[in-house]
Amino acid sequence: MSDIIQKTAAELSQALAAKTVSAVEVAQAFIARTEAVEDRVKAFNSRDAEWTLAQAKASDERRAAGDAAGPLDGVPVALKDILAVKDQPLTCSSRMLENFVSPYDAHVTELLKAQGAVLWGRLNMDEFAMGSSTENSAFHTSRNPWNTDCVPGGSSGGSAACVAALEAPLSIGSDTGGSIRQPAAFCGVVGLKPTYGLVSRYGLAAFASSLDQIGPFARTVEDAALLLQAIAGHDRRDSTSYKTKLPDYRAALTEKEGPWTIGVPRECFAEGLDPEIKAAVQDAIAFYEKDGHTVQEVSLPMTEYAIPTYYILATAEASSNLARYDGIRYTHRSKNAADAVDLYFKSRAEGFGPEVKRRIILGTYVLSSGYYDAYYLRAQKIRTLIRQEFMQAFESVDTILTPTTPTPSFQVGAKEDPLAMYLNDIYTINVNLAGLPGISVPCGFTSSKLPIGLQLIGKPFAEDELLAVAHRYEQAHGWKDAVAQL
Amino acid sequence: MEFTADIGLEVHVQLKTKSKMFTRAPYHYGAEPNTLTDPVVLALPGVLPVMNKEAVRKTVLLGLLCKCKIAERCKWDRKNYFYPDSPKNYQLSQYDQPICEGGEVEIEMLGASRNVMGEHRMVQLTRIHLEEDVGKLTHFANDSLVDYNRAGAPLCEIVTEPDMHNADEVFAFLTALRNNIVAAGLSDCDMEKGQMRCDANISVRPKGQETLGTKVELKNMNTISGVRNAVAYEIKRQIHAVTSGEAIHQQTRRWDPVSQVTTKMRDKEESHDYRYFPEPDLMPVSIGAQQLKVLAKELPELPFDRQRRFMETLDLPYTLTSVLCPDKELADFFEEALADTGGKVAPKAVANLIANDLLRELSGGEEEGRLPLSACKLAPAHIADLTVLVEDGVITKQIAQTIFTEMYATGKMPSTLVEEKGLQAHSDDGELESIVREVAADPKHEKAISQFKDGNTKAINSLIGPIMKATQGKADPRKIQDMLAKVLG
Numbered sequence: 001m002s003d004i005i006q007k008t009a010a011e012l013s014q015a016l017a018a019k020t021v022s023a024v025e026v027a028q029a030f031i032a033r034t035e036a037v038e039d040r041v042k043a044f045n046s047r048d049a050e051w052t053l054a055q056a057k058a059s060d061e062r063r064a065a066g067d068a069a070g071p072l073d074g075v076p077v078a079l080k081d082i083l084a085v086k087d088q089p090l091t092c093s094s095r096m097l098e099n100f101v102s103p104y105d106a107h108v109t110e111l112l113k114a115q116g117a118v119l120w121g122r123l124n125m126d127e128f129a130m131g132s133s134t135e136n137s138a139f140h141t142s143r144n145p146w147n148t149d150c151v152p153g154g155s156s157g158g159s160a161a162c163v164a165a166l167e168a169p170l171s172i173g174s175d176t177g178g179s180i181r182q183p184a185a186f187c188g189v190v191g192l193k194p195t196y197g198l199v200s201r202y203g204l205a206a207f208a209s210s211l212d213q214i215g216p217f218a219r220t221v222e223d224a225a226l227l228l229q230a231i232a233g234h235d236r237r238d239s240t241s242y243k244t245k246l247p248d249y250r251a252a253l254t255e256k257e258g259p260w261t262i263g264v265p266r267e268c269f270a271e272g273l274d275p276e277i278k279a280a281v282q283d284a285i286a287f288y289e290k291d292g293h294t295v296q297e298v299s300l301p302m303t304e305y306a307i308p309t310y311y312i313l314a315t316a317e318a319s320s321n322l323a324r325y326d327g328i329r330y331t332h333r334s335k336n337a338a339d340a341v342d343l344y345f346k347s348r349a350e351g352f353g354p355e356v357k358r359r360i361i362l363g364t365y366v367l368s369s370g371y372y373d374a375y376y377l378r379a380q381k382i383r384t385l386i387r388q389e390f391m392q393a394f395e396s397v398d399t400i401l402t403p404t405t406p407t408p409s410f411q412v413g414a415k416e417d418p419l420a421m422y423l424n425d426i427y428t429i430n431v432n433l434a435g436l437p438g439i440s441v442p443c444g445f446t447s448s449k450l451p452i453g454l455q456l457i458g459k460p461f462a463e464d465e466l467l468a469v470a471h472r473y474e475q476a477h478g479w480k481d482a483v484a485q486l
Numbered sequence: 487m488e489f490t491a492d493i494g495l496e497v498h499v500q501l502k503t504k505s506k507m508f509t510r511a512p513y514h515y516g517a518e519p520n521t522l523t524d525p526v527v528l529a530l531p532g533v534l535p536v537m538n539k540e541a542v543r544k545t546v547l548l549g550l551l552c553k554c555k556i557a558e559r560c561k562w563d564r565k566n567y568f569y570p571d572s573p574k575n576y577q578l579s580q581y582d583q584p585i586c587e588g589g590e591v592e593i594e595m596l597g598a599s600r601n602v603m604g605e606h607r608m609v610q611l612t613r614i615h616l617e618e619d620v621g622k623l624t625h626f627a628n629d630s631l632v633d634y635n636r637a638g639a640p641l642c643e644i645v646t647e648p649d650m651h652n653a654d655e656v657f658a659f660l661t662a663l664r665n666n667i668v669a670a671g672l673s674d675c676d677m678e679k680g681q682m683r684c685d686a687n688i689s690v691r692p693k694g695q696e697t698l699g700t701k702v703e704l705k706n707m708n709t710i711s712g713v714r715n716a717v718a719y720e721i722k723r724q725i726h727a728v729t730s731g732e733a734i735h736q737q738t739r740r741w742d743p744v745s746q747v748t749t750k751m752r753d754k755e756e757s758h759d760y761r762y763f764p765e766p767d768l769m770p771v772s773i774g775a776q777q778l779k780v781l782a783k784e785l786p787e788l789p790f791d792r793q794r795r796f797m798e799t800l801d802l803p804y805t806l807t808s809v810l811c812p813d814k815e816l817a818d819f820f821e822e823a824l825a826d827t828g829g830k831v832a833p834k835a836v837a838n839l840i841a842n843d844l845l846r847e848l849s850g851g852e853e854e855g856r857l858p859l860s861a862c863k864l865a866p867a868h869i870a871d872l873t874v875l876v877e878d879g880v881i882t883k884q885i886a887q888t889i890f891t892e893m894y895a896t897g898k899m900p901s902t903l904v905e906e907k908g909l910q911a912h913s914d915d916g917e918l919e920s921i922v923r924e925v926a927a928d929p930k931h932e933k934a935i936s937q938f939k940d941g942n943t944k945a946i947n948s949l950i951g952p953i954m955k956a957t958q959g960k961a962d963p964r965k966i967q968d969m970l971a972k973v974l975g
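Sequence lines, in order, name chains F and Y.
Heads up: the first sequence runs through residues 1 to 486, numbered per this note's numbering.
Heads up: the second sequence runs through residues 487 to 975, numbered per this note's numbering.
Each hint can be trusted.
Subject to a maximum C-alpha distance of 25 Å in a straight line, what follows is the list of computed PhoX-like cross-link-like pairs (lysine-lysine):
| no. | chain 1 | residue 1 | chain 2 | residue 2 |
| --- | --- | --- | --- | --- |
| 1 | F | 278 | F | 480 |
| 2 | Y | 504 | Y | 622 |
| 3 | Y | 883 | Y | 972 |
| 4 | Y | 565 | F | 346 |
| 5 | F | 243 | Y | 539 |
| 6 | Y | 622 | F | 346 |
| 7 | Y | 561 | F | 243 |
| 8 | Y | 561 | F | 381 |
| 9 | Y | 944 | Y | 955 |
| 10 | Y | 679 | Y | 705 |
| 11 | Y | 539 | Y | 555 |
| 12 | Y | 965 | Y | 933 |
| 13 | Y | 553 | Y | 539 |
| 14 | Y | 750 | Y | 701 |
| 15 | Y | 779 | Y | 539 |
| 16 | F | 357 | Y | 565 |
| 17 | F | 381 | Y | 565 |
| 18 | Y | 883 | Y | 907 |
| 19 | Y | 565 | Y | 622 |
Calculated from the structure, these hints are not laboratory results.
Turn these sequences into a full structure, and let the hints guide you.
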């Protein structure tokens, strides 16, 4: 195995700066690795090696001229197929957008290009980010590099799998109810969902606008910090984007040492939690105590309502956000329509998969006249209570620790009941409802060699401290050095 | 049986802003189809709206103009419905928290004649909110084409109470509303360009009955007169239906401007469920008291207020003010010209020149419609200069007419024209006396002169024309008369 693909983004950055390796060599190594393992991992929807190599060549030329743009210049980054990249496909893993090519760049794409990152392929996902396994992709199911019979998680399954399979050192995903953290946990990589408003959503095809956030995948916390630094910051094109001075996330990893007070919700060791995950998380708690931090129980009783609340608000927003995919302008258009109204019905019936349809129908229902108050309005109130509950807990603790998922990855096809699938997000979903930052870091393996994820939740816009708390755990454990054997 | 009609209007006004309501794409009338678009207008995957602050500012101004209550805080809502003119298949609008609530618009009813001021009253508004416009569909035999140029343009919706009771009131309301909005520079309100659109809700009830009748919504009226005709027709239709024992159904009807009738478009059995919910991509808007104070200072004097001021302080007759005041540009032009005379000239003389002579030139003899002021070469200073020349006796009124035509055509200042052509009034008495004597000596005036000498003072009027001609119009007719009396006396 090439020694380039084993390197972290931070190490690659250093090697590129020292000119011991060129951006073209780096890109070629990851392209070759992808060619070798992709038929088993299936992380990508599409790849354009020529385009990627051209970017790498441009990076080398910049560096030769002394114009290297920053630490990411020459480092490959792969994007979830839900972020707009000019002149590249943007499918959202849907038949609806199978042939759509974006004429514009997302804010995150612009930032990455400006910092010299070498953009690699388009990563598979559950259709329109709705799902927890990539099984809802209209194209194929991505595989977990640790066990290719198992799912990589979702919706950003391709983003997690490609990093775990060393097909890219870094990738970008999006997280609406756990879609970064859950696949990160399943694939044994680091995944960070930033505070709502830290990363501009401009150019991210919307699932649920008030919950969606873009975030990094990496093999180490340091790499996640590096990528977060590149994509965070205010953007006038996203009115929910927050104006704040960005800390130096990488510097914070060593500058912030605690001691911290770490809260563990009483509710998180409830029924349904896999015993091996429970043990791994308890070991992590013991580590922090031994490391000189205080661990304290907190109570988040509203967690019980997080899943129904989420499935009302997210589907309501989705039913409206996905209305633009109508067969009129740039989407799939049915060839069998009899008239204009039929064109809507048939194009949408043919273009959307079953989970997307299920959520559009649910969202349409909860917004309907006569049901709005009972569902949507009530869910908004519970959302406020969930946020208040977190903010109250943060008065006495710095970080909240939970498992990322109740179970490890499961076999492809094992969960046919959508409700069973929804329960996967039980630890992650309330973090989106509260708009808080959350990170999943590898925290061991089950006896069947499937990765386990530890979730840490931070205060709003305290990603620097959150990353430092995660880094502390990571540095004391060897999980990051484990590589999936493909 | 006598009937009362109740009419409420929903008026849409496109605000005059450089860019669209939620994106920087430009908007203006008359561009090639689908050239004023961007990813946001086309609702491509991933785009987000950004509020146009200028449109909100203009809506607040409109609210202040109409004496509405301005909300301290308002929000945006999504109105969900599928239609090909709406790229997102939802429209950003304001559902339960509009920017402006209540308010009123002063209207003037027709007077007994054109020279008499009609009755004034207030029409009550329900609310004014801001939303985005949709695209424009054109239907053909087998296809429909859509132009998204207009999609996303800022659109104010002004909703009135059912506070009007006949077609003339509706006409007066739309006229007053348009004049106010144009005066404040918020929109050009050209109905034919779709900058102002109006739907009317009409019902009738037996006189004396408290509850309103079943309402019918009228659409497709493209001029203010068209609205008046449609409303008048619909009231008659409904009264006829009720008196012949037919029930009025709640429905939407379309005005056909060619055959001048309304026809049914659709029944409103159940109202559309728009599934409104707060737009998560936009933050709520707060409008501070301090901001309102600043904006209040930007409000123009309303046309009716200005008209009262012209009548009371400038002593202008109603007829002149009713020409000048509805058009802010014209009234401004008048006030500037008046100021330029430095108080030398009576306001009425200045007003007359603008309301009669200037407008006659601008309309070019057409009954309706005229060129805008900006299309002519005259500035207020031209009018001022001309009236001062007459007032100072430098030129006669007759010459003033000639100069007006000349300056309208060339844009030259009146003083310059007088200089160039030597049109100064005849002021040399000696020269005038010799001309008078010369004309009086002409034997063909012998009879008139003898009649004059017999005491018929009017008899010498027949000499004034020839004398005037001999002076090339530069003599004052009164002076000629005095000179004749002196010469013949």
